[in-house]
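Chains as they are written, first to last, in numbering that gives the first Met the number 0: chain X, 0 to 411; chain E, 0 to 284.
There's no promise every hint is true.
Partial chain X-side listing against chain E, Cβ under 8 Å, derived [unchecked claim]:
#	residue
1	S48
2	I56
3	F211
4	T219
5	K229
6	P240
7	L243
8	G398
It should be emphasised that the hints constitute simulated quantities derived from the structure, not laboratory data.
Treat the numbers as computed from the prediction; the structure is a model and nothing was measured.
Just so you know, even glycine gets a beta-carbon here, dropped at the ideal spot from N, CA and C.
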Amino acid sequence: MTTILKNHHGFFVFLIRSFFIIICISLLVFRIGTSFAAVIKIGEINPLSGRFAKNGIEIHQGIEVAIAEVNAKGGIGGATLKLVTRDDQSRPDVTISRAEELCSWEKVAALTGGYVDSLVGPIAAVSQRYKTPYVASASLQKELAAQKNPYFFRVSRLQGFVEPLCEFITKRFKGRRLAVLYAATPGSTELAQDLKRCLKNRGLTVRLMEKFRPGTPDFTPLIAKLAGMKIDVIVSGGFTPDHLLFIRQLKENKITPKAYIGPFGIAYESFISALGNDADYLYSTCAWNPGITTPGTEKASASFVNDFQKTFHRQPNTTNMHGYTSARVIIAAMQKVLDNRRALNGENIRQALSKLDVALPMEHLSFDPNGDPINYRHVIVQIQQGKLVVVYPPDRASGRDIYPMPTWEQRN
Amino acid sequence: MWSTIVVSSLSLGSFYTLVALGFALIFGVTRNFNLAHGELVVLSGYVSYWLWKIWAFPFLLTFPAAILISLVICLGLERLFAHLYAPLELNSIVLSFGVAVVIQNSMLFFFSGDYRLIRIPVLSRGFHLSGFYISYTQMTLLGSSLIILFLLYILMYRTYLGKAMRATIQDKDAAALAGINVSAMGTLAFCIGAVLIGLAGPLYGCIHYLYPSSGQEATLVAVTITIFAGVGRLSGIILAGWILGLAESFTVVLLGVSWREMVSAVLLLTLLYFRPHGILGHGER
Numbered sequence: 000m001t002t003i004l005k006n007h008h009g010f011f012v013f014l015i016r017s018f019f020i021i022i023c024i025s026l027l028v029f030r031i032g033t034s035f036a037a038v039i040k041i042g043e044i045n046p047l048s049g050r051f052a053k054n055g056i057e058i059h060q061g062i063e064v065a066i067a068e069v070n071a072k073g074g075i076g077g078a079t080l081k082l083v084t085r086d087d088q089s090r091p092d093v094t095i096s097r098a099e100e101l102c103s104w105e106k107v108a109a110l111t112g113g114y115v116d117s118l119v120g121p122i123a124a125v126s127q128r129y130k131t132p133y134v135a136s137a138s139l140q141k142e143l144a145a146q147k148n149p150y151f152f153r154v155s156r157l158q159g160f161v162e163p164l165c166e167f168i169t170k171r172f173k174g175r176r177l178a179v180l181y182a183a184t185p186g187s188t189e190l191a192q193d194l195k196r197c198l199k200n201r202g203l204t205v206r207l208m209e210k211f212r213p214g215t216p217d218f219t220p221l222i223a224k225l226a227g228m229k230i231d232v233i234v235s236g237g238f239t240p241d242h243l244l245f246i247r248q249l250k251e252n253k254i255t256p257k258a259y260i261g262p263f264g265i266a267y268e269s270f271i272s273a274l275g276n277d278a279d280y281l282y283s284t285c286a287w288n289p290g291i292t293t294p295g296t297e298k299a300s301a302s303f304v305n306d307f308q309k310t311f312h313r314q315p316n317t318t319n320m321h322g323y324t325s326a327r328v329i330i331a332a333m334q335k336v337l338d339n340r341r342a343l344n345g346e347n348i349r350q351a352l353s354k355l356d357v358a359l360p361m362e363h364l365s366f367d368p369n370g371d372p373i374n375y376r377h378v379i380v381q382i383q384q385g386k387l388v389v390v391y392p393p394d395r396a397s398g399r400d401i402y403p404m405p406t407w408e409q410r411n
Numbered sequence: 000m001w002s003t004i005v006v007s008s009l010s011l012g013s014f015y016t017l018v019a020l021g022f023a024l025i026f027g028v029t030r031n032f033n034l035a036h037g038e039l040v041v042l043s044g045y046v047s048y049w050l051w052k053i054w055a056f057p058f059l060l061t062f063p064a065a066i067l068i069s070l071v072i073c074l075g076l077e078r079l080f081a082h083l084y085a086p087l088e089l090n091s092i093v094l095s096f097g098v099a100v101v102i103q104n105s106m107l108f109f110f111s112g113d114y115r116l117i118r119i120p121v122l123s124r125g126f127h128l129s130g131f132y133i134s135y136t137q138m139t140l141l142g143s144s145l146i147i148l149f150l151l152y153i154l155m156y157r158t159y160l161g162k163a164m165r166a167t168i169q170d171k172d173a174a175a176l177a178g179i180n181v182s183a184m185g186t187l188a189f190c191i192g193a194v195l196i197g198l199a200g201p202l203y204g205c206i207h208y209l210y211p212s213s214g215q216e217a218t219l220v221a222v223t224i225t226i227f228a229g230v231g232r233l234s235g236i237i238l239a240g241w242i243l244g245l246a247e248s249f250t251v252v253l254l255g256v257s258w259r260e261m262v263s264a265v266l267l268l269t270l271l272y273f274r275p276h277g278i279l280g281h282g283e284r
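The following block holds chain E by itself, in its conformation from the complex (with noise of 0.2 Å):
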C-alpha cells in the first residue's frame, strides 16, 4: 500500500507542477496575477476534448490547437495586462478575475454544463515494478513534468534569452537599465506561459475531469504552488508540488480525508513563516 501512495503523491505533485508552472512564469516577470489561469488550462482541455470526441483527433495530435487557442488568448491577456497601472498585482487581480468570469461563462454556453472525460485507454493501463504496480497514467504525469521542467531548465539558463528572462524576474528595473527589453520579456513570458497552458490543458481532460468552474480548483493549485516554490524560482515547483502531494496523501491515509486541506494549509503557513521566500528561497526576512 505504501509504495502505491509514494507512486501516487509523485504523480499528484507532477500533476500540481503541470497546472501551475504557467501560471508561475508569467507572474515571476511580469507580476501580473493572472486569476483566469485555470479558466485557460480548462479551456484548452475543452479545446483537446472536442478535437478527440468530435473530430476523432488522435490525443496527441490535439495538443498543437490547445497551444494555439491558448496562445492566441494569451497574447490578448498580455495585451489587457499592458494597459493596468501600478499597484500591478492587485489590479491584474481585478481583470483577470472579470476575464475568468468571461471564459468559464463562454465554456458553459460553448461546450454544456455537462462534465467531460478524455479517456485514452492506454492510460488505464500499467505495469509492475519491484513489487507495485504504476500506471501509464502516473508514468506521463512524472515523464512529462520532468522533461517540461529540464526544457525550460534549458531556455532559462542555457540560452541569453533565459538569462534576460531571469534578470526580469529578479529585478525588473535593473534589467531595463540593462538594455534588456522587458515589455518583450513579459510577452516571451506570456507566450511560453500559453505553451504550459496549452500542455496541461489535454493532460487535465485526461486524468481529472473538464468542467466549465473547475478551473477555480487549478487557479488555486497554481497560486499554492507557485507560492509554496518561491516567486520566479521555477526549479522549486515540483518539490513544491512532490511535498504537498506527499503530505496530503499520507495524511489521507494517516488521519483520514478530512484533515487532507487542513494539514496543507498548517504546511503552507508553516513554510511563509520559517521560508517567507519559499522552499528553495533564500531572500532576507
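Chain X extracted, bound-state conformation (with noise of 0.2 Å):
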C-alpha cells in the first residue's frame, strides 16, 4: 500500500487538485443559480405534528393557497415566491431552532405562520435578531405585541373577541348567572380576565371564574359544582377537545345551562360533525367561514374558497384562512416594497408592513404601532341544525340565536 502511493504520489495530488476545483466551481454555480434563479423565500413554522398539528396543518394550508394563487399569477416583480417549511412539533425549543435555520442558513426575505403563543413568542424573538419581518397567523396574548419588536406583526388580536362577546352577553345575558371557565393557557387567562372585567365594568358580575388544564380527563365535578350554583350561562375559553369532552359530559349528566359560549374551537365543521346534533346551541365566536366574510369581500372569499377546496378537496375553516391571510399580508408588503423599486429586504418589509392597508376576507388589514391588527373582530354565531349562524352584530346578523337551549330530554 505505501509502495502504490509512492510510485503514483503525483496523481494522487491531481486527483485531490481536481475534486477541491470541481467542488469550489459547483458551489459557484449554485450560488449565482440560486441569486437569478428569481425565486422569493418566504419561511413558514408551523406545528406539523404534535399536540398542535391539527391546527398547525390548517394554516399551512392556507398559506400554501395564498402563495399558490399569486404564483399562479407569475408571483410577483416577476419573481416565483418559494415556501420554505418546517415543523417544530408543538415545541418550543423546536420552535427556535427552526426560525434560526431559516432566518440564518435559508435567508427566508420574512416568516409567517405559529399557532399559540407558546410557540410564537420564540418565533418573535428569533425574528427581531435577524431583523426578519414575522407576521404570526395565530396569537392573541398582549404581551408579545407590548414587547414593541418592530418586526413583529400578527393577524389576530385579542380584543377581537372580548369586545363583540362583552357586548354580546351584556345585551342578551342581563341578570343571569355568568360563570366562566378557562385553560391554563396565556390566551385564554387574558380573554376570562379582560371578559370579567368588561362584563363588571357594564354591571355584571361573575359568579364564578375557574381555571383548568387544557386536556382536563373529566368535568363532571366542575359541572356537578355549576349545577349546584344555578349557573345560567357558561363561558369557556378551553379548547376543542376540552368543549367536546365538556359537552359530551353536559349531556350524560343530564345538565343542561342556558346558553354555553366556546369563543375558542367551537365554530369549526370538523367539530359539528364530531358532536353532532349535541352541538347546536352552543354559542362561539368566528373571525370568518365559508359563508361569513367581512362585507365587500365576498368575491375574494368565494375564489379563496373555491381554490382551497380545488387543492384540499373540503370547505376551509377560520384557521386555514388565519394561515391565509397572514401569507397575503406578507405577500402585499412585498409587492408594495417592489413597485417602489426598493430592496426586498427585512427593514423595507418591515416598513411596508407598518403602513399596510388592504382589504382581505377575515378583516380590512392594517396594523398599530405594536404589530397588532385593528380591525381584527369576529361574530357571534351559534349552531342551528349543524349550520353557523351569525347573531351577533344586528348588522351581520343572518339570522336569530334560540334561547335557553333546550333540555336534553326535550331534543331527544
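Grab the two chains, each in its own frame, and use the hints to assemble them into the complex.
Okay, structure coming up:
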C-alpha cells in the first residue's frame, strides 16, 4: 500500500486538486444559480406534528393556497414565491432552532405561521434578532405585542374576541348567572380576565371564575359544581377537545345550562361533525367562515374557498383563513416594496407592513404601532341544525339566536 | 351533588384503571417501560372508530378488530424489546419513545388531525338510583373495569400460567431457576397487555376523544396509576384509580379545578415517601 502511494504520488495529488476545483466550481454555480433564479423565499414555521398538529396543518394549508394563488398569476415583480416550511413539533425549543435555520441558513425574506403564543413568542424573538419580519397567523397574548418588537406583526388579537363577546353577553344575558371557565394558557387566561373586567364595567357579575388544564380528562365534578350554583350561562375559554368532553359530560349528566359559549374551537365543521346534533345551540365566535366574510370581500372570499377546495377537497375553515391572511399580508407588503423599486430586505418589508392597508376576507388589515391588527373582530355565531348562524352584531346577523337551549330530554 | 361526585370519581378511577392495566402487566412481567402504551390505546380506539363510523360496524363488534391490531403491534414491540440490553428500563424508554413518535405520526397521516368521538346514544342515557343519577357510561366503566380485573384475578391466582407469571413478576431469575420459561412469560404478558389495550381503546374513544397526540395523556395516567398501585400489583390498580379519581374530583369541588393536578402530585409524592412499594405494597424500604 505504501509503495503504491509512493509510486503514484503525483497522480493522487492531481486527483485531490481536481476534486477540490470541481467542488469550488459547483458551489459557485449553485450560488449564482440561486441568486439569479428570481425566487423569493418565505419561511413558515408551524406545528405540523404534536398536540397542535391539527391547527398547524390548517394554517399551513391556508398559506399554501395564498402562495399558489400569487404564483399562478406570475408571482411578484417577476419572481416566483417559494415557501420554505418547517415543523416545530408543537415544542417551543424546536421552534427556536427552526426559526434560526430559516433566518440564517435559508435567508428567507419574511416569516409567517405559528399557532398559540408559546410557539409564536420564540419565532418573534428570533425574527427581531435577524431583522426578518414575522407575521404570526394565530396569536393573542397582549404581552407579545407590548414587547415593541418592530419586526413582529400578527393578524389576530385578543380584543377581537373580547369586545363582541362582552357586548353580546351584556345585551343578551343581563341578569343571568354567569360562569367563566378558562384554560391555563396565556391567551385563554387573558381572555377570561379581560372579559370579566369588561362585564364588570357594564354592571354584570361573574359568579364563578375557574381555571383548568387543557386536556382535563373529566369535567363532571365541575359540572356538578356549576349545577349546584345554578349557573345559567357558561363561557368556556377551553379548546376543541375541552368543549367536546364538556358537552359530552353535560349530556351524560343530563345538565343543561341556558347558554354555553366557547370562543375558541367551536365554530368548526370538524367540531360540529364530531358532536353531531349535540353541537346545536352552542355559541361561539368566528372571524371568517365560507358564509361569513367581511362585507365587500365576498368575491375574494369565494375565490379563496374555490382555490382551497380544488387543492384540499374540503371546505376551508377560519384557521385556514388565518394562515391565508398572514401569507397574503406578507405578499402585499413585498409587492409594495418592489413597486417602489426598493431592495427586498427585512427593513423595507417591515416598513411596508407597518403602513399596509389591505381589504382581505377575514378583516380590513392595517397594523397599529405594536403590530396588532386594528380591525380584527369576530362575530358571534350559534350552531343551529349543524350550521353556523351569525347572531351578533345585528348588521351582520343572518338569524336570531335560540335561548335558552332546550334540555337534553327535550331534544330526544 | 356529592353523590354525583362520588359516582363520577369512581367511574373516572375505573377509566384510569382500564387505561393502566395493560401497561402495568407488561411492565410488571418484563420490566419494559412502554412509553408507546398511550399511543397503542389511542390507535385501537381509532380502529374501532373507523369500523364504527365508516363501515357502520356495531360498536361491540369493533372490539375484536381493535384487539387484533393491538396484538400484532404489541408482538412486534415485544420482538424489538427482546433485542435490548441492560439497563432494560432505560433502554426500553428510549426505544418505546421512538415507537410512540412513529405511531403518533402514522395516526396523524392516516386518521388526520381531527378530533374523533365514538358516539353511542345509549351510553349518554342513565337512570336514577336512590336519589342520585348514574349514566350508562359510568356504569360501563365501573362494570368493565371490575369484570376485567376479576378475569385477570382468575388468570393470575387460579391458573398455573398465572402462578408462573406472578413468579416472574416477583423475581425473574428465581423463576427461571424454577424452570419457568421467563421469555415465554414476557410474550404472554405482551399478549394479555395487548388484549387489555384493545379493550381500553374503543372505550377511550367512547368516553374521551381520539386525537393522534392524546396518547401522551393516557401514558401518563398509566405510569401514575402503576406507581401508585405498586409495580406488579394488579389488585392495587383499581384502588389506586379510585383514590386518585376521588382526590381529583373532591379537589375540583372544594378547592377549584386549578388545584387538581397539584393535589394528585402531592398525593403521589406522599405515597411514594411513606409506601414506596405502592398502596398495597409491603416490601422493605
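Task: Violations among the numbered hints - done: The structure breaks hints 5 and 8; every other hint is satisfied.
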